[in-house]
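Starting from the given sequences, assemble the full structure and let the hints guide the process.
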Amino acid sequence: MSYPLLEFKKEIIDEVKRVVEVSEELIEIEVPSEERGDFALPCYSLSPTLEKDPESIAEFIAGKIELNRGEFDQAGPYLNFKTDEHHLSRETIRGCLEKKEDFGELSPKEKKIMIEHTSANPNGPLHVGRARNPIIGDTLARIYEKIGYDVERQYYVNDIGRQMAILTWGRQNLDEEDLTPLQRDKEDYDLVRYYQKASQMLEEDEGLETEIRSLIRAMEEGDDEVFHSLKKNSETVLSGITRSLERLNIHFDSYQHESSFIVDGSVQEVIEMLSKLKETDKEEGALFFNLDDDKIFVTREDGTNLYPARDIAYHIWKAERADELIDILGEDHKNHGEFIKNALLSLDIDPIPEIVFYSFVSFEGEEMSTRKGTYVTLDEFMDTAEEKAREEILKRRDDLSEEVVGEIAEKVGISAVRYNVIRVQPRKPIDFRWDEALNFQGDSAPFIQYSYARTHGILEKAEEGLELDGLNLEGLEDGEVRLLRKIAELPLVLLKTAENNAPHLMARYAYELAAEFNQFYRDYPVLDSDEKRKERLAIVKSFSYSMESVLDTLGMKKTKKM
RNA sequence: GGGCGUGUGGCCUAGUCUGGAUAUGGCGACAGCCUCCUAAGCUGUAGCUCAGGGGUUCAAAUCCCCUCACGCCCGCCA
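Add 759 to the 1-based position in the first sequence for our numbering, that's all there is to it.
Simulated from the structure, these hints should not be mistaken for lab results.
Hints may be right or wrong, so weigh each one.
Unchecked claim - So the derived label-pair ranges between C-beta atoms look like this:
(1) LEU856 <-> LEU1286: 38 to 46 Å
(2) ARG1059 <-> ASP944: 36 to 44 Å
(3) GLU1162 <-> LYS859: 23 to 31 Å
(4) TYR1066 <-> PRO1110: 49 to 57 Å
(5) GLU857 <-> LEU826: 23 to 31 Å
(6) SER761 <-> GLU787: 18 to 26 Å
(7) GLU857 <-> THR939: 55 to 63 Å
(8) GLU1146 <-> GLU1236: 39 to 47 Å
(9) ASN1231 <-> ASN1277: 21 to 29 Å
(10) ASN1231 <-> LYS859: 20 to 28 Å
(11) ARG1059 <-> ASP1107: 21 to 29 Å
(12) GLU1195 <-> ARG1292: 39 to 47 Å
As the list claims (entries may be wrong) - In the DMTMM-like style, the derived pairs of lysine to aspartate or glutamate whose C-alpha atoms are separated by at most 25 Å in a straight line are:
(13) LYS1316 <-> GLU1169
(14) LYS868 <-> GLU1258
(15) LYS945 <-> GLU770
(16) LYS868 <-> GLU857
(17) LYS1255 <-> GLU770
(18) LYS1317 <-> ASP1202
(19) LYS1220 <-> GLU1126
(20) LYS858 <-> GLU1151
(21) LYS1317 <-> ASP1158
(22) LYS811 <-> GLU794
(23) LYS1317 <-> GLU1162
(24) LYS823 <-> GLU844
(25) LYS1319 <-> GLU1151
(26) LYS841 <-> GLU1169
(27) LYS1131 <-> GLU1162
By construction, the Cβ of each residue, glycine as well, lies at the ideal position given by its N, Cα and C atoms.
Have a look at this one:
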């Protein structure tokens, strides 16, 4: 099994290469507007190498090229290629019926990729802003899996360090009655109150700083009691965080604890390796790495290690276990990310990570901070999304049981949260507003889910099985071919999304696919279409499978009723 | 002050890396479409010259320089 558009693109590249004898990098195939064709070759970039004007090159290629899978025409300096519609339709339907909800998947690559995402400090519940991280990471993980990678999703648990020391101090010294009332019956909501109160006290009383410091030192020096106390608190909050994420359809394959790199001595080794580099120097006994004009400190003057050192140890550990690495980091870590890459390069470590940075999310124009307690938690946001979904369902349906309404609301709520976060390019800032985030019309999760639900209105009433062999695909109408063509794009989109680590492309595709189906649905009756019924059912079924694949890739939920 | 990033119709957004053929789509607005597989849908109209200025090029939203606005970073915190 292979995919018609992938094959066609490959054929074009091979043929152009054969005809003009240039290296493959010079052949830039782009996707033109729909009416021009499936692919286009602008000949401008070949002009310098071939020492001819673009139009003559186009003419030259047009005269020599031979394609089995489609045709082409010359338009000035462009060549436009259009695949054979019948072949495209047949192969796309065949692909969908064979692969079903895995449509779009590519053969295994024998490559391991480790995707680190979230890695939020376990000091309180996840807020919507932070949730951008797991949603980007998990979506990329799903995409890499689909194109054949062996994927490991990893949470790096910052179970030591200052923030955990503050939480632990709070747990040791504060009583329940000192705290704000419990917002939600969940362990992360419980413990964050200790963290917030302790942070607040620390701001008012600098004397507490020494107590925090001594907790950190005790931990690093291997004080068992302190160590276990920190770990216990971090594990408790972590379990609250992961429960929230599971609700968002996100899970991890492994957890790696920051403390482990201190315990096993690897941080010390890293510090020794770093100290031998020409990029490092010491200032009053503290080791730092020169990053352009910045000094990135990796140890304190008392010799205790700092987060950058531990993160290098972690990345070396990761590099030994995977062929490719991806880190999802907030924009506040840009500098740190540069340091990690530069330091790993200097240490001759391979692979170094690809880092996806995302900008922060504000809410109704306000910044969110765990320390200050100014945030909307992921749980709250999802509750509201579900509630809103419920209202919308009840506006339209009065024939569903409360249980069914609840199920659909949950599916729509989860999907809306994920979709609204992933549809925007990571590096762009997002300002969440309830009315926009929970707008269920147009470019939204329910729009996409609804297109899928519509297929079931049809498929459940049609009981016959589907056989590719009995179909007459010669006389398909424009809108039918257009839908199949859009379905056929899926593998191309998956590849491009992974290549650029740009998951928003996948979201955009999901919307376009759904929109194309909605037009088909309007124009072509299926069940009453007599002589075209079988063919149209096959198209609906193909769309249904491809949409299942797309929804799964975005971590969204499918629903047969809405 | 320095570094990084962002700035596309009233609002949100694609395209920017890899310069090219009429700048993508949504929300909102206005005008239409349910005796017919779920109207959370579909169709049409109006609206942007791509923050501003300069430059490179046959060609710039896309590359370079300057300016403005906003965000993030500039800790022996993480």
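Consistency of the hints with the structure:
1. LEU856 <-> LEU1286: 38 to 46 Å: At 19 Å between Cβs, range violated.
2. ARG1059 <-> ASP944: 36 to 44 Å: For ASP944 against ARG1059, whose Cβ atoms are near 40 Å apart, the range 36 to 44 Å holds.
3. GLU1162 <-> LYS859: 23 to 31 Å: 28 Å, holds
4. TYR1066 <-> PRO1110: 49 to 57 Å: 22 Å, violated
5. GLU857 <-> LEU826: 23 to 31 Å: 25 Å, holds
6. SER761 <-> GLU787: 18 to 26 Å: Hint holds: Cβ distance 23 Å, inside 18 to 26 Å.
7. GLU857 <-> THR939: 55 to 63 Å: 57 Å, holds
8. GLU1146 <-> GLU1236: 39 to 47 Å: 42 Å, holds
9. ASN1231 <-> ASN1277: 21 to 29 Å: 25 Å, holds
10. ASN1231 <-> LYS859: 20 to 28 Å: 23 Å, holds
11. ARG1059 <-> ASP1107: 21 to 29 Å: Given range 21 to 29 Å: holds, Cβ gap about 26 Å.
12. GLU1195 <-> ARG1292: 39 to 47 Å: Holds - the Cβ-Cβ distance for GLU1195 and ARG1292, about 41 Å, lies within 39 to 47 Å.
13. LYS1316 <-> GLU1169: 9 Å, holds
14. LYS868 <-> GLU1258: 14 Å, holds
15. LYS945 <-> GLU770: Violated. LYS945 to GLU770 sits at ~57 Å, over the 25 Å cutoff.
16. LYS868 <-> GLU857: 21 Å, holds
17. LYS1255 <-> GLU770: 18 Å, holds
18. LYS1317 <-> ASP1202: Measuring from Cα to Cα gives roughly 17 Å; hence the hint holds.
19. LYS1220 <-> GLU1126: Violated - the C-alpha atoms of GLU1126 and LYS1220 are around 50 Å apart, more than 25 Å.
20. LYS858 <-> GLU1151: With a Cα-Cα distance of about 34 Å, the restraint between LYS858 and GLU1151 is violated, given a limit of 25 Å.
21. LYS1317 <-> ASP1158: OK: LYS1317 and ASP1158 at ~20 Å, within 25 Å.
22. LYS811 <-> GLU794: 28 Å, violated
23. LYS1317 <-> GLU1162: 17 Å, holds
24. LYS823 <-> GLU844: Holds. LYS823 to GLU844 sits at ~23 Å (cutoff 25 Å).
25. LYS1319 <-> GLU1151: Cα-Cα ~16 Å, so holds.
26. LYS841 <-> GLU1169: Judged against 25 Å, a Cα distance of about 42 Å means the pair is violated.
27. LYS1131 <-> GLU1162: Violated, at about 38 Å.
The structure shown violates the earlier hints numbered 1, 4, 15, 19, 20, 22, 26 and 27.
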